[in-house]
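Chemist: As a plain string of letters, each chain reads:
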Amino acid sequence: MTAPPLTMPQPFPFAAIVGQEEMKRAMVLTAVDPGIGGVLVFGDRGTGKSTAVRALAALLPPIKAVAGCPVNSASPEAVPIWAEVSDRRMVTKPTPVIDLPLGVTEDRVVGALDIERALTRGEKAFEPGLLARANRGYLYIDEVNLLEDHIVDLLLDVAQSGENVVEREGLSIRHPARFVLVGSGNPEEGELRPQLLDRFGLSVDVTSPRDVATRVEVIRRRDAYDNDREAFLKKWRPKDATLRRAILAAREALPLLVTPDQVLEDCATLCIALGSDGLRGELTLLRAARALAAYEKAATVTRTHLRAVAPSALRHRLRRDPLDDAGSGARVARILDQVLPG
Amino acid sequence: MSDPGARVVGAFMPWARVEVAVSLLAVDPQGLRGLWLRGRAGPVRDRVLAALDALPMPVRRVHPSVSDEVLFGGIDLTASLAAGRGVTTAGLLATGPALILTMAERCGAGLAVRLGQWLDGPGPGAVVALDEGADGEEMAPASLTERLALFLDLDAIGWQETRALRMNATRLAAARERLPYVTLAPEMLTQMVTLAADLGITSLRPPLMLLAAARASAALRGGERVSEGDLQLAAGLVYGHRAVRFPEAEEREPEPTPPPPDGEGDTAQSPDPDRMEVPQDMVLEAVRAALPADVLARLAAGRAARSAKGASGSGAARKGNRRGRPLPPRAGAPDGQSRIDPVSTLRAAAPWQAVRRALTPGRTGIQIRPSDFRLRRFQETSDRVLIFTVDASGSSALARLAEAKGAVELLLAAAYARRDHVALVAFRGKGAELLLPPTRSLVQTKRRLAGLPGGGGTPLAAGLQMAEEVARLTRARGMTPTVALLTDGRANVALDGRGDRVAAMAEAQVAARRLYASGVPALVIDTATRPQAELRALAAAMGAVYLPLPRADARRMADVLSGALG
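Chains B and Y, in that order, are what the protein sequence lines are. Under our numbering, residue 342 is the last one in the first sequence; the count climbs by one each step, no gaps. Under our numbering, residue 908 is the last one in the second sequence; the count climbs by one each step, no gaps.
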């Protein structure tokens, strides 16, 4: 059991993050199309992984949900019966971004009997867990590679089916749990199981910026945020608002986007050349390219979009080659140049 | 007022460094996030801990196996039962404490990460990690220490050099008040970043911490602006232990320590305070002074840390439910393999008794349901397997096969005493052979070894491949493999059995890199009459410890081996 989250002050503005373009783009794309299926951010310590996730939470457009519904249902009909919500009003609330802390118990993830009602009124009632709260939003796991195996198994299952099923204490409960999984971690701490790796739509490797000017800018902005928060937030608020509008516009443009057959063919060619396992890679690649095209206000998806998102969509799906020092990202780039010259 | 901090750091007085570090922490605990205190428990450490009362926050002491409820809060079972309603506790961290983490070297990755997340949050508190790790091997987890600005090593400080740390509460309070108004020349920011880059510090956290430390130092001495002395002093405390390389460590003759200027003197020296550039050398000097004694040696040893990790006596940790160090119990069904933890099972069942009694009237006694079962879990260190990969080729046989055999036998005895498993791979002629799968049988190993014939070519790549295969299999069985390769390095048989020196050497290189990539720690013993450069390169490719074996008796070789394996 963990404490209720502390009241968080305004996070660092997303637009104010220096560099790390690939990570920022990957996160924006999942906001445009949640179906892409999450982002995995791997990198050294102190590269701003968690800062970016917290910033994203503040950037996401709000959702409309039934008031008081524990799973953020989009319509009164969709509210699960066990939730006992009589209210039919709709409210606007921020997109949920739920932290899944390491060392969390199974009860807290999937939900359990409401201990308070059991104690005070002797009633059996379901107390929803983190998966319920994350429905229609984001589930964030920091240091995802340190997560206990039994929690990982549980998440894999739910992320796959989009539904959480609880059978215990004579309770039989199911509720939708569709969320974008965001994980971050430091590869030095340990590897991630390939099954979980595959569940993330996009994966990004982040490193510290090398040039001094960029690094100084990072420190300067962080210092400004720490010491004069109000002024700093005020300065960046318009930029974040612009980003948010662009995400909303892209969501609307997405269904109208034309996908030429050539792009589908390109997707298949690339995945075959890379020998990436399964069809999930191909689907994610296409979805990400479409989301990018919509975000960039293009009318059709082109090879340029495909090339831009290919490393993020495919690098974690390759068979590992222990003799390749350069890493899978470089491999994707190399083969990309061979089979789909830009 | 003079700048006492800068002077003492320049003069390398360790206890003065401690005084300064603790004072800085007391000025800005939230900004500095804490202190990594390395050293054994004792009166010296107690003096430091006593001074922590000066911190402007509650000081709480916890140990690494503290439960989540205590730290992060949760349902208070006793209070809930007594009150008849759910009572939640807030947890220690909600009070924004300075958390003293005792025995931080035993801190698990999970706790370290969660404390790290807490520290990354909106600056609610600080952590003082008491790290009692013996020599370089045991250490507080990096994910935690990375986030603590300050580092102090107390082991080198004798009791006579210390005195009680006097924390002047009024002065500290004044410094805290001044802190938000301390300014900084814009060039200094660039300098802090450049300095980090020069020292090979890639993370972006340290420059921010240096900034906080330098500001705290300025505030403490009553200045309005971060001075040269502040920067120097802070760099020593924040960057010292993080440095992974030194820019001109070799070329530059260490100059006689420049007398650090007084706080007042700073402005006099630089006519325009806005364009104040601190000579990089001086700051570097301060960092060098703060280096823990063993760091340079560690840097020189380069990758030694990696090989030490795998080859250090115990195997890698893994979770099980049979033996080892206890971990928190978890829910699950008893399946004959696992053991039930009765106390936590009862605790899980306790709150539901009222409900269950209401559901099943007429039943008396405690009602335990399957969902209450809690199983015991332990963290055990897995068994180690030493995979001897012995070159039995003609060239080797002529030289030292008998000696190598003798050494392996002696090492076997040591392995037996440590309850290690042993496997034996030999390569000669056209290929490699697994003579003995992992076993603890000393007798069997000796017999196989004695019967090992010598002669033929040297298919080194085949031997390495076989060793890797065995390592992979043993790892799959939950053991931790270490490869010990004994060869003269004159590979002359390719994988396809052809006699081709060049191809054989190239293939051996590939096999060595593959072994390195699989993360198996290794040890290469050069049994040739003279050390072979090629074999040294091969060992480097494997990330292995390389030991050229001088002509010596088997016992001496066994000593070398045990030394290298720890």
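Accuracy of the hints is not assured; some may be wrong.
What the hints assert, rightly or not - Chain Y stretches covered by chain B per the calculated footprint, using a threshold of three residues with CB under 8 Å from any CB of chain B:
| hint | segment |
| --- | --- |
| 1 | 444 to 457 |
| 2 | 480 to 493 |
| 3 | 545 to 551 |
| 4 | 728 to 737 |
Because the hints were derived from the structure by calculation, they are not lab data. Beta carbons are placed, not taken as given, at the ideal position from N, Cα and C, and that holds for glycine.
Chemist: Hint by hint, where does the structure go against what was stated? Just the numbers, ascending.
Modeler: 4
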